[in-house]
Amino acid sequence: MGFGVVSLLNAMFRRMFTSAGLRPASATVDAGDDTVIHFWAHPSLLQPPPPPSSENHHQPPRPVVVLIHGFGPDPTWQWAAQAGPLSRHFDLVVPTLLFFGASATRSPARSDAFQAAAIAALLAGGDHLPGLAGDRTVHVVGTSYGGLVAYHLARELLDRRHGEGGGVRVGKVALCDSDACKGAEDDRALAARGGVAEVTELLAPADTSALRRLMAVCAHRPVKFLPECLLRDMLRNYFADKREDKIALIKGITTGEGFQLTPLPQDVLIIWGEFDQIFPVEKAHKMKEKLGEKATVKVIPNTGHLPQQEDSKLFNQILLDFLLHPNSTSNGSASAK
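Start counting the sequence shown at 1; every next residue gets the next number (UniProt numbering).
Warning: the hint list may mix true and false statements.
Restraint ranges, calculated between C-beta atoms of paired labels, are given here [what the hints assert, rightly or not]: (1) PRO50 <-> ALA192: 53 to 61 Å; (2) ARG161 <-> GLU185: 34 to 42 Å; (3) ASN327 <-> SER7: 42 to 50 Å; (4) ALA197 <-> PRO301: 27 to 35 Å; (5) LYS251 <-> ARG62: 34 to 42 Å; (6) PRO50 <-> ASP241: 38 to 46 Å; (7) LEU8 <-> PRO51: 38 to 46 Å; (8) GLU289 <-> ARG193: 18 to 26 Å.
Heads up, simulated DSBU-like pairs for lysine-lysine below, C-alpha to C-alpha not over 35 Å straight-line [what the hints assert, rightly or not]: (9) LYS251 <-> LYS288; (10) LYS224 <-> LYS286; (11) LYS290 <-> LYS242; (12) LYS242 <-> LYS224; (13) LYS251 <-> LYS286; (14) LYS251 <-> LYS313; (15) LYS313 <-> LYS283; (16) LYS286 <-> LYS242; (17) LYS313 <-> LYS286; (18) LYS242 <-> LYS288; (19) LYS251 <-> LYS224; (20) LYS283 <-> LYS294; (21) LYS313 <-> LYS288; (22) LYS224 <-> LYS313; (23) LYS251 <-> LYS294; (24) LYS242 <-> LYS313; (25) LYS313 <-> LYS294; (26) LYS224 <-> LYS283; (27) LYS251 <-> LYS290.
Note that these hints are calculated values from the structure, not bench results.
Glycine residues also receive a C-beta, built at the ideal position from the N, C-alpha and C atoms.
Start from the sequences and build out the full structure, keeping to the hints where you can.
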């Protein structure tokens, strides 16, 4: 039963991606370390841009949005509700982070900054995404752990553009329920909320009891009944694989002592679930303080750590308004209530 339900959900979410025009692909971004990134992208990014003609001369290419997932199931699960609405306006790249799914590396590095460097290499164009050649604008969106990667990716792309005098142009940055200010005390508080001794026990569950605890703190209104067979299959498919590497990723997060979260030159949207138990909503305002006047906060009511799933309609409205319209951020905080 469990296998059938998980397989059905997998097929449904993949179908939502393909219906949005996305296609799966993979790229070796560092041959020395055998670093391979699997990703979804629009076909226009997977082939070189067409030569200029009278028909396309005055049609600039669409901006690109990179969607970066967090811990948990496949990125198709995490961004299914955004793929269609965003694809009406943007070309998308949805990478699978290293040590999730089939993305892998022999490098010993396990930091979120290393994840960002691998995605930056993917976005460098060339054989990986030839459609990104030229002066393309790339917006960066990340949720939870993916938001930490998104912040470093924006920095990495800026450094590459300034250092090499080329590359993609960083547009806007959206960080969703992603606490880049967290430290050891926050991890201890999260472990206490989840009823575990160490935060790694919660975020990288080893059994179905731990997975139930994780799901309970992630959603504001968690599903009350989940069959044990379904949880076993979810655990086997999405959490057990490379679990030790995932624990190393958690321990390798670069926030805390020695890390300074500093403002980005781009507009930054900080989206947060009102009742997030992983990263409480007050951390959104702490992020705003650190990221400065070009950042704004939007709180989505009656949602937890997964607002893009719990209220996808409002989440998509807020995100699209930010990405499509100039000056869509304000100096200060705002609420979606």
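- Item | Numbers of the earlier hints that this structure fails to satisfy, in rising order | No numbers; nothing is violated.
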